[in-house]
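Colleague: Chain by chain, the residues:
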Amino acid sequence: MNGATAIKTAGAAPVRGSPETSAILCQGLSKTYGKIQALAELELSVPYGSVFGFLGRNGAGKTTTMRLLAGLAHPSAGHAWVGGWETTGVNRLARTRFGYLPQDPAFYSWMSAREYLDYIGRIQGLSGMERKRQIGEMLELSDLQEASRRRIGGYSGGMVQRLGIAQALMGHPPVLLLDEPTSSLDPAGRHEVLEMISKIRGNATVFFSSHILNDIERVCDTVAVLHKGRLILVSGREELLEKYAVNAAELELSAAGQGSAGDPLATFLDALKQRAWVANIKREGSVLRIMAHNVPLAKKELLPMIVEHGLEVDRYEWVRPSLEDIFLQLSSEE
Amino acid sequence: MAAWIYGLSILLMILLPVFLAAGLRRIAQPAWILFGVGCLTFTLSQVVHLPLNNWLATIGLLPGKVYSGQPLWQTALIVGLTAGLCEELLRAAGYAVIQKIKPGWTRLTDAVMLGLGHGGIESMVVGGVLTAATVSALLPLVGIDLNTLGLKPDQIVALRLQLETLTGIPLLGALPLLERIIAISAHLIFSLMVWKAISGRGSLHWLYLPLAILYHAAVDFAAVYGMHYLADKPLLIEIIFLGIMIPGYLWAFLQIRGYAKADGAPSRVPNSSIRSELAIFAAAVMKEIRQQWKTRRALVLGAVFLFFGMGSPLLSKLTPELLRSIQGGDLIAKLMPQPGAADAMNQYIKNLYQFGFLLAILLGMGAVVGEKETRVAPMILSKPMPRWAFIAGKFAAQGLMYLGAFILAGIGAYYYTWILFRPLEPGNFILMNALLLMWTLPFVALSLLGSVLGKTTAGAGGIAVGLCIGLTLAGSIPQYGALLPGGLLGWAAQAGQAAAGIQPAAVNLASASIAQMPVNSGALASAVVMIVLSLVLSIGFFEQQEL
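So the sequences go chain by chain: A and B. Position 134 of the first sequence, counted from 1, bears residue number 134 in the numbering used here, the numbering being contiguous throughout. Position 68 of the second sequence, counted from 1, bears residue number 68 in the numbering used here, the numbering being contiguous throughout.
Mixed in with the good hints there might be a few duds.
Pairs of lysine-lysine residues, derived as DSS-like cross-links and limited to a Cα-Cα distance of at most 30 Å, are as follows [what the hints assert, rightly or not]: (1) B/Lys102 to A/Lys132; (2) A/Lys35 to B/Lys294; (3) B/Lys102 to A/Lys35; (4) A/Lys228 to B/Lys102; (5) A/Lys132 to B/Lys334; (6) A/Lys228 to B/Lys100.
Bear in mind the hints are in silico, worked out from the structure with no lab data behind them. Note that the structure is predicted; figures quoted are calculated from it, not measured.
Make the full structure from the sequences, and use the hints.
Modeller: Have a look at this one:
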């Protein structure tokens, strides 16, 4: 597991980590616009190699954080380091340590993808040979070889986003800052971009902000939740899901088995209520949700009981909460 | 040889402060805008200082246009004190404002940057522009019998002294530069003193402000005495000037050493090589040129300039014909003199003056704000692209585009003038075009500044129009107006006439205004100053903007 190993509220105290050992380190990073506090004393350490999901509702401060990390906005207080270099200072070399993809990437529409990547390579100070090699590599990764000589102005949203990730990867920076890379895409475009991020895993630390929880759940190994400019949670994805796991089994009963002679469902429900491990039973149409005090015992006894009562089952599963459930719970608690 | 040394000195007096500021940036990264604040404090101090000295002259405390018996010590003391009071109090006000807006900008290196801006603009204007104007006013007098100019004996003596310096040992051409280097260093010391007064610790730190005023006054006091008694020994004046500054240098050295040892001093951060930054600048210029070409802007500019280049001689030739074709126009046509190459040149300058100005605004106003509006700028500037290269690349590409446009216009005008009238003298024709290009470039730079300041393209256009009209109107200021870039048009017109074979009318060199002089290098120097200042301010403001 690459990410943080414990669930913690990171805003409470300075995080452990140093600019040298963290891919991203924020210390007291704050940003105010007039009287509005967009980001409040962010304390965050992102380990190298992780795919870090930065979660929050619209207006939570995700893009502000990204712009501060990328050196495009000036912090009201605090500092940030990316790849070991302070990006809240003015040293331009710090910008060689990350690739940045803004929420709505924009390009010179008169350029082709190849020309644009070449320009970025020149800015990165890559030699002619290295530029050529990396352009080929990036075009292949982004699946834009065929369109590489076409004007970017004619690209689809997905192609633009993939080119955005490709340009962020030019120069092989150790950290990628991706701000809502999938939010404006159709399902196919989202799939393409998430696939691309999966391919990057292991080659760079990815700091990925989004309000689309399925995307975060799919690709990120560590999750942070930002709410109203404050960091309310940092955790490994699995630990988070386990912590918030609901001890419930869901049964979807076949319509054919219901209402038959002797009503096996009614006797099944009566039998369940007799068991000590059953905490609660909810029925919604053909779906039963059975909450358990003792999950291992429930797992052992539930299936034999179904068979014993002659019920036909379309679906049987132990329910895991989605990240969305957890996120909504956390942000409503705050 | 002396003219070349003067030319190089003038160029360095304009560029050296910027080079020093760029060097300081590489060591400690103070904001470029502090250089602009320094320029502003000097300019505002002169807004108070010059009228104050004029008023003191009208009440008889200082010599006016005519010397009226004031003792030298009194003149030196008052001149020194007014300079010290105006400049150091404005500098202190500048610091106070900065502390309010940016409380973090209180490092010693910030004070040095402010001092470079303050001394830098003085070097550019008092050193660069005025030296250039003086040289171009004196050059036509070389070899002329000064007694024939109708001047008073004391004026002739002073003029002869200046001409001897100009035509004497060539290296004396570097003296104005030496003087400005010492003056800049003096401003750095005064700046550090005022910085100590404003941001220093302890109950008596404010004493540095009166100390700075008195030190400044002492330096100017000595300068007045030096110019009075040692006017024929300019090198000795500079040596004395340097000697007076030695205690200041020692004090500044101790301050810098103490600051470097203090915990609060920023450590020197690793920096990119100049070579790599220049390579990025070159890439930015190439990208801009390709953008101008692919978006057809270069084509439009070239076509417009070629049209006016070819059209100007044609219009001059055909104007009488056109008038004859109008009913009753025959009489007017008969009154008109026979058109010639000189008319073609006048028409050429008028056309490029009007349309060059407009195109500079139209093509420049969206250069930066357009990329901010389309959100391309954050993509590029999140890479290791220095903001100076982003801005300077745009200016350089536009400059090259205008150079190409003037070449096209020139070829068109030269060819049609040759066919319709007579061949032009190439040297003066090229000089005329070069001067027109130099007149255009400050407007290009101001439009770029407008584009940095504007939040929308329309807003940027409005700011650019305001700045460009302001510069044009400033050309009407009596005495000083001809020293602004607009003065280049008069020089270009004279070169155009010479190219057409018309000898310039004889000018009374003793009484002629700058605009009537055959060479107006003061205007050329001020055009360079305008370009440099506009670019520094553009970079300074752009650096502070969030994207």
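Colleague: Are the hints correct? Go through all of them and say.
Modeller: Hints, verified against the model:
1. Among the hinted pairs, B/Lys102 with A/Lys132 is inconsistent with the structure: their alpha-carbon atoms are about 44 Å apart, more than 30 Å.
2. Straight-line distance between C-alpha atoms of A/Lys35 and B/Lys294 comes to about 44 Å, which puts the hinted pair past the 30 Å bound.
3. With a CA separation close to 17 Å, the supplied pair B/Lys102 and A/Lys35 stays within the 30 Å bound.
4. Of the supplied pair hints, the one linking A/Lys228 and B/Lys102 holds, its CA atoms being roughly 27 Å apart against a limit of 30 Å.
5. With a CA separation close to 70 Å, the supplied pair A/Lys132 and B/Lys334 exceeds the 30 Å bound.
6. Of the supplied pair hints, the one linking A/Lys228 and B/Lys100 holds, its CA atoms being roughly 29 Å apart against a limit of 30 Å.
Checked against the numbered hints above, the structure breaks hints 1, 2 and 5 and satisfies the rest.
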